[in-house]
Amino acid sequence: MSGPLVRGLALVVGGAAVLALGALSRVPYTSADAEGGLLRLSWRARGERVTECRRLTPEELEALPLHMRRPEACEGRIAPYRLRVSIDGAVVADTVIRPAGARQDRPIYVLRDIALAPGEYAVDVAFAREGAPAHLALQAVVEIRPGEIALVTYDPARNALVLRTAQDRERSGS
Amino acid sequence: MKSLYSITTAVRRAAWNAMTRVDGWVNRLYGSRYNPLYHSGAIVIGLLLVLVATGLYLLLFYRVGAPWASVARITDQAWLGRWIRGVHRFASDAAVVAAAVHAFRMYAQHRSWGPRALAWVSGLALLAVIFVCGWTGYVLVWDVQAQLLAAEGARILDVLPIFSEPLGRTFVGERPLPSAFFFLNLFAHIALPIGVGLLVWIHVSRLARPVLLPPRRVLWGVVAALVALAIVWPVGMAPVADPLRIPERVPLDAFFAFWLPLTRRLPVGAVWALGGALALVAVLAPWWTRPQREARPGKAEVDARRCTGCEQCVHDCPYDAITMVEREPGDPRPGLVALVNPDLCVSCGICIGSCAPMAVGLPGWTGREELAVAREFLGREPRAAGQVVVVGCEWSAATVESALGGAPLIPVPCTGHVHTSMIEHLLRGGAGGVLVAACPEWDCRGREGGKWLVQRMYHGREADLKPRVDRRRVRVVEASAGEPAVLRAALEEFAASVAALADGDADGDGRTAADGGAAADGDLDAPDGDARGDVSLELEGVAS
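Chains as they are written, first to last, in the working numbering: chain X, 1 to 174; chain D, 1001 to 1544.
It should be emphasised that the hints constitute simulated quantities derived from the structure, not laboratory data. It is possible that part of the hints are untrue.
[Stated by the list, open to error] To list a few chain X residues with every Cβ distance to chain D over 10 angstroms, as calculated: (1) 13; (2) 26; (3) 52; (4) 58; (5) 62; (6) 94; (7) 95; (8) 121; (9) 122; (10) 138; (11) 148.
[As the list claims (entries may be wrong)] Simulated restraints, written as ranges between beta carbons of each label pair: (12) D:1013 x X:104: 48 to 58 angstroms; (13) D:1080 x X:88: 51 to 61 angstroms; (14) X:115 x D:1069: 23 to 33 angstroms; (15) D:1025 x X:145: 46 to 56 angstroms.
[What the hints assert, rightly or not] Incomplete in silico selection of chain X near chain D, CB under 7 angstroms: (16) 18; (17) 21; (18) 24; (19) 29; (20) 147.
Ideal Cβ placement from N, Cα and C applies to all residues, glycine included.
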């Protein structure tokens, strides 16, 4: 090949490589999830603390240094909570959530996504210590639109679960 | 295990074949000196510098309190901000491509195990840090791609029992994202390049004279191409992240977010298993494909009795594997002696060609053995008489039979191996000319084999080709394995010029190739009194 032809070809190949770089840096990706919507549950709860104490035996007390001798040894943890979610009367989640931390003494964190087709749903969320009446609850009719997320979260000011959607936000202008 | 070895070896061989083919095409377009594939490693470092320079500009205008809006304002600066942001982004993409090309080449060329393992592993770590750096950079924009990256990253990381609360809750819209989040991201995005610098230092720590930047023409060519792209096809703004909406159409950067569409469909455990398996394969691939123990060349050795302490091998070793030490007690010879550190020696054999007294070399392979090979070759190869003999690097076009056109070949693992006395010996033994077929200088497996050979032959570097040798009968040709036509053409042209010399000799004074040609040029030097002159006498005994 002659010099000018090689130089021209080199420019074309180099240009094509650079254009390929530019194209690959913004590949359009369409998320199939956006055809439907999501009911998202996300909050942090400071669960009820459970403390279990027992009296130490005289031998156990004897084994302890003087300054550490207390008649009772107590261990505390946060009680596990049950999350129950029903949609249009059907239970879609019923699970026990344990507190965070190796000793289960940290708060309870809830983070769940439930995929839903667009439409209106009667949502019932209950969050309670096992065997106890609901500590936090929400009953609402939720309209799910394509690509939107309805967020159920905790409002500390009202001490209640609340629902947030993009539509509400747009209505309120915030 | 045997079958795994044969599979992995076949994969590596296929990689090498593909690489040499592409190299050949690119060499034809850009020439081997400016072939960007040969400079891929140095291009990465050049691009990292571009990233630092453009990043400093972006830092002036970025606001952690208004991430998307501040990037949008930068993008609105039509004269500067827009293309600087584009170059910043494209340079990061190009750095990933260049790093991947570099890793692929090192793997295909068997340059990733043994003492080079440190460079291989640190190189993979570098690539990983570049990825993390890129992800933090994309999150800073806080557009829909950032939202996907952050949410998916949090989902993957949340299985690790090290966070006090799930990271994923940060991005769900419970509360506005705090500026502290973007500040931390920005801090990581700026601090990580310091780690990159440290890793680069480790990466090249076992190299003498590491090449940290490509030739200027390549570097500025790459930068100009990225600037042109940023101007012609600027990076736009994707919609701002919205935690209450699922991003629908997202412009993904395939170089940094290629994994997103796959991992979003997989459970977190599978993502970790897949990522761990890929990382393991990447780290271990060189060990699976390295030659079996008996096929590996031994480490270089020094014959202390012959070492004159000239230090040339220390200067020439591309891996800093040779040092000068005190001689053994009782050794009456003066001065220091060379010592090879086997932990650093990659068995490239470049020290063979550097040692005038032929004291250094691989086990059973010093300049002395090369002379014996030349003598044996001349004895059994009738085509050598008066004809051109090719001394060819096993990684060059000399491996392709069609490139030789029937010329006799002495294969060598690297032309840096070649002791200049071997070339002289071939000419003295009756060869009409010697053509050394080297791989391109910037692609030498031993890093500096071809470079030192040329200096020894034409620029007086020890151990130099003696001035008495007729340079018209010696030629060095660079031709990669993907360029057999280049070697073939050079060989034909050289053979014709050698034939013309022979005709001239027949018409003229009748001098032979080895001793007369140089004299005819007035290029004859008296044999020097250095160690090499002494060794030549000894060699008679070795070769016979």
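Hints, verified against the model:
no.	hint	result
1	13	violated (6 angstroms)
2	26	violated (4 angstroms)
3	52	holds (24 angstroms)
4	58	holds (39 angstroms)
5	62	holds (37 angstroms)
6	94	holds (20 angstroms)
7	95	holds (15 angstroms)
8	121	holds (17 angstroms)
9	122	holds (20 angstroms)
10	138	holds (15 angstroms)
11	148	violated (6 angstroms)
12	D:1013 x X:104: 48 to 58 angstroms	holds (56 angstroms)
13	D:1080 x X:88: 51 to 61 angstroms	holds (56 angstroms)
14	X:115 x D:1069: 23 to 33 angstroms	holds (32 angstroms)
15	D:1025 x X:145: 46 to 56 angstroms	holds (53 angstroms)
16	18	holds (5 angstroms)
17	21	holds (6 angstroms)
18	24	holds (4 angstroms)
19	29	holds (4 angstroms)
20	147	holds (5 angstroms)
Hint compliance for this structure: hints 1, 2, 11 are not met, and every other hint is.
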